[in-house]
Structure formats: C-alpha cells, structure tokens
Amino acid sequence: LAKTTQPISMDSYEGQEVNITCSHNNIATNDYITWYQQFPSQGPRFIIQGYKTKVTNEVASLFIPADRKSSTLSLPRVSLSDTAVYYCLVGAGGYQKVTFGTGTKLQVIP
Amino acid sequence: DAGVTQSPTHLIKTRGQHVTLRCSPISGHKSVSWYQQVLGQGPQFIFQYYEKEERGRGNFPDRFSARQFPNYSSELNVNALLLGDSALYLCASSSGQEGAEAFFGQGTRLTVV
Chain A
1 LAKTTQPISM
11 DSYEGQEVNI
21 TCSHNNIATN
31 DYITWYQQFP
41 SQGPRFIIQG
51 YKTKVTNEVA
61 SLFIPADRKS
71 STLSLPRVSL
81 SDTAVYYCLV
91 GAGGYQKVTF
101 GTGTKLQVIP
Chain B
1001 DAGVTQSPTH
1011 LIKTRGQHVT
1021 LRCSPISGHK
1031 SVSWYQQVLG
1041 QGPQFIFQYY
1051 EKEERGRGNF
1061 PDRFSARQFP
1071 NYSSELNVNA
1081 LLLGDSALYL
1091 CASSSGQEGA
1101 EAFFGQGTRL
1111 TVV
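First to last, the sequence lines map onto chains A and B. All letters in the first sequence, in the order written, are residues 1 to 110 by the numbering used here. All letters in the second sequence, in the order written, are residues 1001 to 1113 by the numbering used here.
Pulled out of the complex, with its shape left as it was, chain B reads as follows (with noise of 0.2 angstroms):
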C-alpha cells in the first residue's frame, strides 16, 4: 500500500513567482491537511480539507490556497512567493473519523531565491 505521496521533492524559485505543491492521500482517506515547516520549528498547520470541503486554515496570508479533488488528492497553490516562503511542506492524510491518526508524506522542499 503507498502512503502519502507528494511532488516534487525538490523546487527552487525565484521571488514573485507562484508554485503548485501536489499530494495524494493513503488510499481510503478523505482527509489531507498542508503544513509548513520552517528549518529549526514545528510544523505550521495551513489548511485542512476533508471531504472537498475546507475545513480549517491557519494564519497565514492570502498568497496560500489549497483545493481538494474528487479522488482525494490536494494541491497547495503560493502566489507572489517571498524568500520567507522557503521551506519544507508537508501533506498528511488522514481517514477523517475521530481519534484517527495522520500519516504524513515526506515533504516537498521549496527554495526561494
């Protein structure tokens, strides 16, 4: 069975720019959630889907947005990228019933330069 996957591994780009962040969940999770991790921190939760629905966002600007497809797989979208915006992204999936533990993808490293 594969766990969460996420692509590219790997992105540099360059300040204004705009980047797509891809995720597919665990097979049979209807749950994904985006977070950002910043070098020496915690993971910063940004958004929650659950069923194609939004159903939480942390604090952060405007520039981030998320969707979620009817197949379960979400992308994060950063318009006007900033060099603060470097960083590891991270997807977890997730089945979406209470109590239900996250898995976690292994991270999309973004370099703004």
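Bound-form chain A, shown alone (with noise of 0.2 angstroms):
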C-alpha cells in the first residue's frame, strides 16, 4: 500500500481556503485518493475521493497533478467547525484494507 506524507498541523483563519497537500510517491495504478474529516473521539467521516484531475463536492475540491504523486484537498471558507484532523488514504478502495497515515491537524482560528 502506498505510504502518505502530511503536514502534522495547520492554521488558519476563519473564512480562508485552506490547502492540505499529501505525497504519495509510489501510488499504485489502481489505486485511488481519499480524504476523511474526524473529529474528537467519532469515526472518520468521508469527504471526497478521486483517481486524477479535479474533484469538487459540495464540501471540498481535490486537485490531483497528471504523476498522481500528490493530491490537494482545498476547503473554502473554513469555519470553526472545519477544525478537526484530516486524513489521506490511497488504496483501490472496495473491499481492499484502508490505511490511515498520521493526518493533518487544522485548527481554524476566529
């Protein structure tokens, strides 16, 4: 399974976009880009997924680059409720094991 890098933590203002960036150098060909949002002491909750280009949901945008080495997952005007950590997963989804890395810790300030 293709391994993750994240930033521990992040900053940011409310109101702002807020960008988090994940390298997955040795992502495999089948294998797609997911994001899940938690917050203290519940389950990960999906936010978006996607194999390349551009994604956008109601809730984020995913951008990833043609070598699918990388991905962005871009929130738009974070409120104090988008304050949570953040996960990025690679893997070909279905039935196959998820694994989590150490995520992203986003603290939106007021």
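Hints should not be assumed to be uniformly reliable.
Restricting the straight-line Cα-Cα distance to at most 20 angstroms, the calculated cross-link-like pairs of lysine to aspartate or glutamate (EDC-like) are [to be verified]:
1. A:LYS52 - B:GLU1098
2. A:LYS3 - B:GLU1101
3. A:LYS54 - B:GLU1101
4. A:LYS52 - B:GLU1101
Bear in mind the hints are in silico, worked out from the structure with no lab data behind them.
Join these two chains into a complex; the hints should help.
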C-alpha cells in the first residue's frame, strides 16, 4: 500500500481557503485518493475521493496532478467547525484495506 | 437510511478479560473492516471481511479475532485484554466495489483497567 505524507498540523483563520497537500510517491495505477475528516472521539467521515485531475463536491475540492504523486485537498472558507484531523489515504478502495497515516490537525482560528 | 452502527458505545473491562464488539454495516454493504485508534494516532487496520471471508489482517496478535455473519454484520473479539488495548475501535463498511469509499461508525471506546 502506498505510504502518504502530510503536514502534521496547520492553522487558518476563519473564512480563509485551506489547502492540505499529501504526498504519495509510490501510488499504484489502480489506487484512488481519498480524504477523511475526523473529530475527537468520532469515526472518520468521508470528504472526497478522486483518481486524477480535479474533483469537486459540496464541501471540498481535490486536485490531483498528472503524475498522481501528490494531491491537494482544498476547503473553501473554513469555519470553526472545520477544526479537525484530516487524513489522506491511497488505495484501491472497495474491499481492500484502508491504511491511515498520521493525518493533518487543522486548527481554525476566529 | 441507517449508517454504520456499533455497539456498545463505551465499555470498561479488567485486564485478562474478554470483549466482543459488534458492527452492523450499511444496508447492502458486503465489506466490513475493523480499526484500532489509540489516542493521538491515526486508525490502525485490524481486519477486513468481504462476503463473510477474511480478506486482510493487520499486524495484531492472535488475541484479536473477528467474523462476519450471513447478514454481513460483524464481531471483533479480543481475548486476554491488556492495558494497551484501551482504544477507540472503529468499524467501516463498504460496498466492496473497487473505488468505493468506506463509511465509518462512531466507534466503541474500550477502557481496560
């Protein structure tokens, strides 16, 4: 399974756009890139998933360059409730096991 | 539609005891995975089941076992509990199709004293 590297922590002011980049240099051809959000003492919550180029949903965008060796999660206009740990995962999904890294702890400041 | 449900939500056990944790996946999902999350760390993979068969096992001792039932619900069993087994145990369900995302339950908080 491809190993991922993310910043350990980030701070952002409320209302700003936040970009969290994840490196996954040995991503496999059939691997997807998935981001999860986790609040303390809760299960991770799916945010967004992509394979290549750009994916956008109602809460975030995911940018994936052509070589797929990295990806960037973009959260527009963050609020205090976006303070959480964000995990980048790489894998084939489905019934394949999911491996979490250390995650990025995002602190939104008023 | 109900999400992934786990029971119990909290549990306190004594060292050496046995514990059974339960998980009901989202209706229609055939894959269930179990994770252990120690405070301050990311979830660590324990087991993955698909169509009632074990498809993956993480680096955990044999004290940890699991099974999946015909209705796709699952149990995680831990024998001879140690203080270090105290953690949040998470269950995730997926359709099993390639690229399908996993949906997590709220977890079971196990405290071993």
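Going down the list of hints, with the structure as the test:
no., hint, in the structure
1, A:LYS52 - B:GLU1098, "holds, 15 angstroms"
2, A:LYS3 - B:GLU1101, "holds, 18 angstroms"
3, A:LYS54 - B:GLU1101, "holds, 17 angstroms"
4, A:LYS52 - B:GLU1101, "holds, 16 angstroms"
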